[in-house]
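Sequences listed follow chains A and B, in order.
Reading the first sequence from the start, the letters are residues 2 to 47 in our numbering.
Reading the second sequence from the start, the letters are residues 2 to 301 in our numbering.
No wet-lab data here; the hints were simulated from the structure.
Bear in mind the structure is a predicted one, so any value in this text is a computation, not a measurement.
One or more of the hints may lead you astray.
Okay, derived cross-link-like pairs now, DMTMM-like style, lysine to aspartate or glutamate, Cα gap no bigger than 25 angstroms in a straight line [stated by the list, open to error]:
hint : chain 1 : residue 1 : chain 2 : residue 2
1    : B       : Lys-8     : B       : Asp-246
2    : B       : Lys-83    : B       : Asp-152
3    : A       : Lys-4     : B       : Glu-240
4    : B       : Lys-250   : B       : Asp-27
5    : B       : Lys-250   : B       : Asp-238
6    : A       : Lys-4     : B       : Asp-238
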Amino acid sequence: MNKRRLLFFGFLFLSLILITLGLLGGEFRVVWQKAVTVCLECIGIG
Amino acid sequence: MKTRGIKTETRRKIYQLAAALGFNLDVVSLLKGRVSQVPTKGLCLPALNCYSCPAAVGACPVGALQNALNSFRYNLGAGQKKLGLYVIGSLGLMGTLAGRLPCGWLCPFGLLQELIYKLPLPKIQIPAFLTYLRYAILVFLVLLLPLLALDASGLGWPWFCKWVCPAGTLEAGVVLSLLNPAIRSQLGFLFAWKFALLIIFLVWMALSMRPFCRTVCPLGTILGFFNRVSAFRMTVDLEQCIVCDACQKACPVNIKIYKNPDSSQCLRCLKCEQVCPTNCISHGFRLAEKKAEYPARAGA
Chain A
2 MNKRRLLFFG FLFLSLILIT LGLLGGEFRV VWQKAVTVCL ECIGIG
Chain B
2 MKTRGIKTET RRKIYQLAAA LGFNLDVVSL LKGRVSQVPT KGLCLPALNC YSCPAAVGAC
62 PVGALQNALN SFRYNLGAGQ KKLGLYVIGS LGLMGTLAGR LPCGWLCPFG LLQELIYKLP
122 LPKIQIPAFL TYLRYAILVF LVLLLPLLAL DASGLGWPWF CKWVCPAGTL EAGVVLSLLN
182 PAIRSQLGFL FAWKFALLII FLVWMALSMR PFCRTVCPLG TILGFFNRVS AFRMTVDLEQ
242 CIVCDACQKA CPVNIKIYKN PDSSQCLRCL KCEQVCPTNC ISHGFRLAEK KAEYPARAGA
């Protein structure tokens with residue numbers, strides 16, 4: 002297995018683990034809650 | 002070869018337009034001047050598309066990352082296990098699969114820069130040293146300041162969104178202040194600063210190719226790190242390459258693809274492939290190397 006392939010599968014595995022842990026921890030809702038609220042900083046108020 | 006080139010570039014423009022529309026599909030919210038509430042807004046999009054744009058149907062990963070970091074210590078202190086793993090994992094997944102491919106094919110702000118660059122005005126090159134600015138912006142404004150500069154309650158700010166992001170100013174600030182009188186009445190110094198920055202970038206876009214992507218964009222910088230491991234890759238057959246530099250002349254970020262096909266600056270727009278007179282540049286989702294061609298190495 003070449004180095005690129007090894008790194009690819011390593012990062013892929015790690016990313017999927019992080020996403021799974023995040024989803025199990027309710028982080029999808031955290032992102033959603035922030036995204037459906039007007040971001041005052043983004044529009045130049047906050 | 003010319004026909005192949007036209008086809009690829011047309012296809013890329015169609016992808017860019019489709020992504021710009023697809024990422025901002027909630028026209029009803031746009032007409033009402035309020036931020037979309039669709040369930041998909043928890044998904045991190047593979048592009049710098051502000052989630053405060055009223056029509057946005059997904060989350061900007063850079064905004065989401067800063068918000069995860071600026072509440073990291075607060076959540077940790079409160080015993081909540083909301084540490085931004087989902088956002089970091091999403092960025093990792095995008096990068097691992099595609100590298101900077103979304104920069105070239107999906108990003109609405111990238112499309113805007115390419116369209117403005119078509120204006121018939123004198124063109125200027127971006128000095129090489131400015132391309133390193135993006136690393137400082139990523140480290141300080143996106144990672145360190147949101148994580149470390151906290152108020153009394155232990156919460157921080159999304160510094161990049163707040164002080165820099167022209168995509169947020171254009172897609173959210175300008176749009177919402179035009180559509181919503183309550184928001185318009187609250188605009189002050191911060192908006193004036195960000196609006197001035199937006200104007201500077203819009204002018205620069207007419208003079209230089211993709212100045213924001215090359216000098217500032219934190220998402221492109223993160224995805225660029227993955228260009229050397231991603232499944233999507235460019236390869237150059239060095240046995241066929243005649244080092245004519247036609248690829249560099251066509252490249253929006255002015256790189257020599259034959260020297261380093263995995264350059265973190267490469268947007269994967271495939272313009273180099275279209276102009277190559279010997280057809281020695283190719284692309285694809287592949288991990289194994291073809292027998293007939295091999296990837297060029299850095300500094301080769």
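Structure-based check of all given hints:
A distance of roughly 22 angstroms separates the Cα atoms of Lys-8(B) and Asp-246(B); the hinted pair therefore holds under the 25 angstroms criterion. Note on Lys-83(B) and Asp-152(B): the hinted pairing holds, with a Cα-Cα distance of about 19 angstroms set against a maximum of 25 angstroms. Restraint check for Lys-4(A) and Glu-240(B): satisfied, since their Cα atoms lie roughly 23 angstroms apart, inside the 25 angstroms limit. Distance hint between Lys-250(B) and Asp-27(B) is unfulfilled; the C-alpha atoms sit about 39 angstroms from each other, more than 25 angstroms.
Our distance criterion of 25 angstroms between C-alpha atoms is met by Lys-250(B) and Asp-238(B), whose separation comes to about 19 angstroms. For a cut-off of 25 angstroms, the pair hint linking Lys-4(A) to Asp-238(B) stands: about 20 angstroms separates their Cα positions.
Figure legend: structure checked against the earlier numbered hints; the only hint not met is number 4.
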